[in-house]
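Peer 1: Got two chains here, separate frames each, mind docking them using the hints?
Same order as they appear, the protein sequences are chains U and H.
Numbered according to our numbering, the first sequence spans residues 1 to 303.
Numbered according to our numbering, the second sequence spans residues 1001 to 1317.
Don't take every hint at face value.
Over the 10 angstroms line for every Cβ pair with chain U, so calculated as not near, a few chain H residues [what the hints assert, rightly or not]:
id, residue
1, L1052
2, D1072
3, W1089
4, K1091
5, G1161
6, T1162
7, P1164
8, V1165
9, P1168
10, W1169
11, K1199
12, A1208
13, R1222
14, D1281
Output of the computed footprint for chain H on chain U, the stretches with three or more beta carbons under 8 angstroms from beta carbons of chain H [said to hold, decoys possible]:
id, region
15, 21-27
16, 63-71
These are computed hints drawn from the structure, not numbers from a lab.
Each residue gets a CB set at the ideal place from its N, CA and C atoms; glycine is no exception.
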Amino acid sequence: MRHGKYPFVISFLVVPLVLYVVYVLGPYAQAFYIAMTDWRGVSATPNFIGFENFTKMFDDPTFWKAVQHNLFLLLALPLITIAIALFLAFMLNVGGRSRSGVRSGVWGSKFYRVVFFFPQVLAVAIIGVLFQQILRPDSSGALNGPLHAMGLDPVGFLTDPTFAMWTVLAVLVWQAVGFYVVLFSAGMSSIPQDLYEAADLDGAGRIGIFFRITLPLLFDTLQVAWVYLGIAAFDAFALVQVLTVDQGGPDGATTVLAQEIYRNAFGYYKFGYASAMGVALFFLTLAFAALTIRVSRRDRIEY
Amino acid sequence: MSVDTHDVPAPAPAAKDARTIGAAGKARQKREVNFLAGLGHVALVVWALLVLLPILWTFLAAFKTGPEIFGDAWTLPKALHLDNFARAWTKAHIGTYLINSVIVVALSTFGTMLFGSMAAYVLARYKFVGNRLIYYLFVAGLAFPVFLALTPLFLVVRNSGTLPVIGPWIGLNTRGGLILVYIAYSLPFTIFFLAAFFKSLPDSIAEAAIVDGASHTRLFFRVMLPMARSGIISITIFNILGQWNQYQLPLVLLQGEGAQDKWVITQGIRNISISAGYESDWPALFAALTLAILPMLVMYGIFQRQIQAGLTAGALK
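Same shape as in the complex, but just chain H (with noise of 0.2 angstroms):
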């Protein structure tokens, strides 16, 4: 850590005003700025560090074989083995359960943001009749743990495979049950997040549309959507990746024979780990974490401002 004085840049027009600072306060000051600054910067390269090394040996080890993987931790691969990455998509089936992901994600956010916004919009907008009971009943469900839920919910949704015409799509080990289940538990921090937001958008369009003749319906998906949509994109992020990241749930609700051909990629990865030990076919799992976590890095790469501000905006409302 350098206490160096050089490094101090000439003192400022407005801290030359600072005349009650003595010049011993001054000097004790500077040494202290400097010495945290360094101490700051260390810590903050040291996160980094700590951040990105294991996700790059992880990237590294996809390209070994399986005697360099067991043997030092720290070497570069002699060769690139991409073969690994081929038996992770056909062996392993890693292909497989990402498009199973990026299915049900893409239909349950899609039904999350709809329905979400629909409740969220009656809710904050409309007078009548059990609003604030439908609105409380609906934020009730942030207080709840999942895992209260999940024995009978295991049920329900074994119970529903049984109803005639709709069943086979709905119940256990099919994925409109799972897309279903998803966007039920996605509502309560939808609707609490975008009913906030309705409320806050002025009065005065909404009545020149209704005035102009636009019924409600048209009303909200002409008018009020478009001009929700800086909390719809906040909160359609949000949904994208909970629901990417969600695993107790497919757990349950995917389980059994026949299920693992609708397997979403984090019961993927987990099975792969543990088939890994089986087979020793270690490679393999590195080069499937690759493909796990890419996606993810490249996504995070373009909409990286839209998911900090996505993903922290329930925690600053």
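This is chain U alone, in the form it adopts within the complex (with noise of 0.2 angstroms):
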């Protein structure tokens, strides 16, 4: 043992730990006792009532509303994003002709990438504004502006319930693919040359090569896309609190979990409540990842 060591590493522990417990460990310890009050109000006093907020928010139409939501992101933004920034990436990395054996990208699929990651750079709550100007319900929203000059009834993306939620899911693909082609991209490259090389002596078509070699052989890559993305599918918040009409409307139709906790906490002072769907969410997200590990562990290919 080294002379002075621990007082050294206390030293360089103490704040970044104090900082952690302070607003990260305890706030996450204190919301699972919060959720078996009944706090509301900031001067109200809690008294404890066990699980009457969790048997309160089966009974909610909205939590479930908001859980649906959540389930119907957890199934389609991994799976959309994930089918159209491996479409993309494939292009970029194997799309080109075939020179020498040796598989070239597209023209410009340098510039490609640039452009596809930029949305990714900007907030999310930024992103929320511009959508709202963009899918304005009449003609001058650049969406309804050319389906009104070919005749077509302007489209209510924010307004009409059926269309809303869809509408949230295409904002939230349009900032992730760009992420992910890169990410693709990265995993793609490190491919080896000489296996395109085999299989194109073989005589396997682009189609073939994809299904047979990309797809396999980038199988981790995808597994951390979906955590990354069934993640970002339990969130959604900034989102839906900037872009959709009355944040979570209309009449509830794009609530989500964390909008309701939200909701709950800061605008009606529930805190016990809001407390409980935090713990709903804590545990939907726990059972997400478990079964995620579960599904996809499998041997890993070696090259």
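Peer 2: Here's what the structure looks like:
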């Protein structure tokens, strides 16, 4: 043991640990307790009421609506984002013609990568305000303008309950795709060229190469993408709050758990009830993580 | 979509060696290649337009008048109304919000990197009782949804405002409070990433420095930190962007009376969007949006490589 090690270790750990315990661990632990109280408002004293908040929550149609929307995003967001990103990344990396058996990306692939990634840099709140304008329900909207010119009725992308949730999904996909194109591109470029050459010699077409070589060897990266997008699907707060009508409307058509937690805590000051929803969100996230690990367990391909 | 065979370059020598492929198979393959390459390129162009057009449309609207904005969506402004930007800066306070964001993010990212790298370093390279426990405590923070903590966090920050001396600096509606919360919530990922990085550094140089009589602190700041530069840069970019784009934490911690002059850009934009409806000053909203997007566009243009590397670094670990 080296001289003076412990004072040094403690001096380096004390500030980060105190910050972390006070602002992160403490609140997480408290949330489980507050969930079992009837705490309302900032000044009222909390009473312990056991699982009453949870039974109330299970009878609350808004809660189930929010859960349903989170689950919809959990299924659709990763599926659509990964499909689009995989296609685009494949085209960027191996979509070009093969010269001397070496696969090259299509022309301008660097430019596309730079453009696709840009939305990732923008704040979700800014994207929300931006798309509110793009999707305006009259002919002055960037999307409804051309529809109007074609003689179609304007679509209430955000005001029509049947479209609103799909609109939220579309904007989430719009932002996410570029990140995964870059991620998958990195994964694809680490696949050895000779595998492609061998497949070329065996007469495999582009589609065959994609499904037989690229996809299986990209499995680890795909798994990471699935987890990231799944976590994003459980959040979606900033976009729902900024983009949608009445913060989760119309009439709750786009609300998600995070939005309901925020509304109950800081709109109605129902701290206990909001925390109970937080606990529900926590267990949903946990279940998703456990399920992903179980389903995706398989042998790694070494190359 | 063209299935034009003139497009095909002369068959390369290596491809000629592929004698196993029959002539018919080869022709079929060529057609398939052309068709797919064409389809692929169309898809790439379409997606690039999908990304660019909404942003360009917003930039364009920033120069329009109110009636122009509510007229035909895809027309050019008749004159460039630069006064929109002046109103966005002064009346809508976009300048204040931008400056607030810069102050908060500069300090919180600096704090995150300082404390995060310090903790990651001792956790990665020193053996002591409780090392693993503390490491897993930090990493566990990655698994929890922030929304679970939102209500208690609000109360913690509110209560810390009543502390003697430091209270007024770190309570609700203070930049200090927001900065400390940003640091705390950025620590799990920063430590997770940097601990792995410090572990991968060679022992020989550290040992040589110790033999030369360097103290532990000196060893860290003068030797190990510079050696970990590439990892530090990646994770700094990750934290700057994450904290700059943060929305729910400022929304909860900077609310109520007297908070508006401390709002960060994401809150500010949202507020301008709401008040644009009341005051029907839509051109100022588009100008504000443009002013919020432009700095990111410029930064991205300059550091595009590092930003892509920084953001995807976590996923590739």
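Peer 1: The structure should be examined with respect to each hint, and the outcome stated for every one.
Peer 2: A quick look at each hint next to the structure:
1. Here L1052/H does not stay apart from chain U, with its beta-carbon only about 6 angstroms from theirs, under the 10 angstroms limit.
2. With a least beta-carbon separation of about 6 angstroms from chain U, D1072/H fails to lie farther than 10 angstroms from that chain, contradicting its non-interface assignment.
3. Non-interface call for W1089/H relative to chain U: holds, since the shortest CB-CB distance, roughly 17 angstroms, exceeds 10 angstroms.
4. For K1091/H, the shortest C-beta to C-beta distance to chain U comes to about 17 angstroms, beyond the 10 angstroms cut-off, and the non-interface label holds.
5. Interface exclusion of G1161/H from chain U stands, the closest Cβ pair being 12 angstroms apart, more than 10 angstroms.
6. Every CB of chain U is more than 10 angstroms from the CB of T1162/H (nearest about 13 angstroms), matching its label as outside the interface.
7. For P1164/H, the requirement that its beta carbon stay farther than 10 angstroms from each beta carbon of chain U is met, with the minimum near 16 angstroms.
8. Non-interface status of V1165/H relative to chain U is upheld: no Cβ of that chain comes within 10 angstroms, the nearest being about 17 angstroms off.
9. Remark: the non-interface label on P1168/H is consistent with the geometry, its nearest Cβ contact in chain U lying 17 angstroms away (cut-off 10 angstroms).
10. At the 10 angstroms boundary, the C-beta of W1169/H stays outside the reach of chain U, the nearest C-beta of that chain being 15 angstroms off.
11. The claim that K1199/H is not at the interface with chain U holds, since no C-beta of that chain comes within 10 angstroms of its own (minimum 16 angstroms).
12. The claim that A1208/H is not at the interface with chain U holds, since no C-beta of that chain comes within 10 angstroms of its own (minimum 15 angstroms).
13. In this structure R1222/H is separated from chain U by more than 10 angstroms, as the shortest Cβ-Cβ distance comes to about 14 angstroms.
14. No Cβ of chain U approaches the Cβ of D1281/H within 10 angstroms, the least distance being about 13 angstroms, so the stated non-interface status holds.
15. Taking a C-beta to C-beta cut-off of 8 angstroms, the region 21-27 of chain U contributes 6 residues in contact with chain H, enough for the three needed, and the coverage statement holds.
16. For the region 63-71 of chain U, the proposed coverage by chain H is not satisfied: 0 residues have a C-beta within less than 8 angstroms of a C-beta in that chain, short of the threshold of three.
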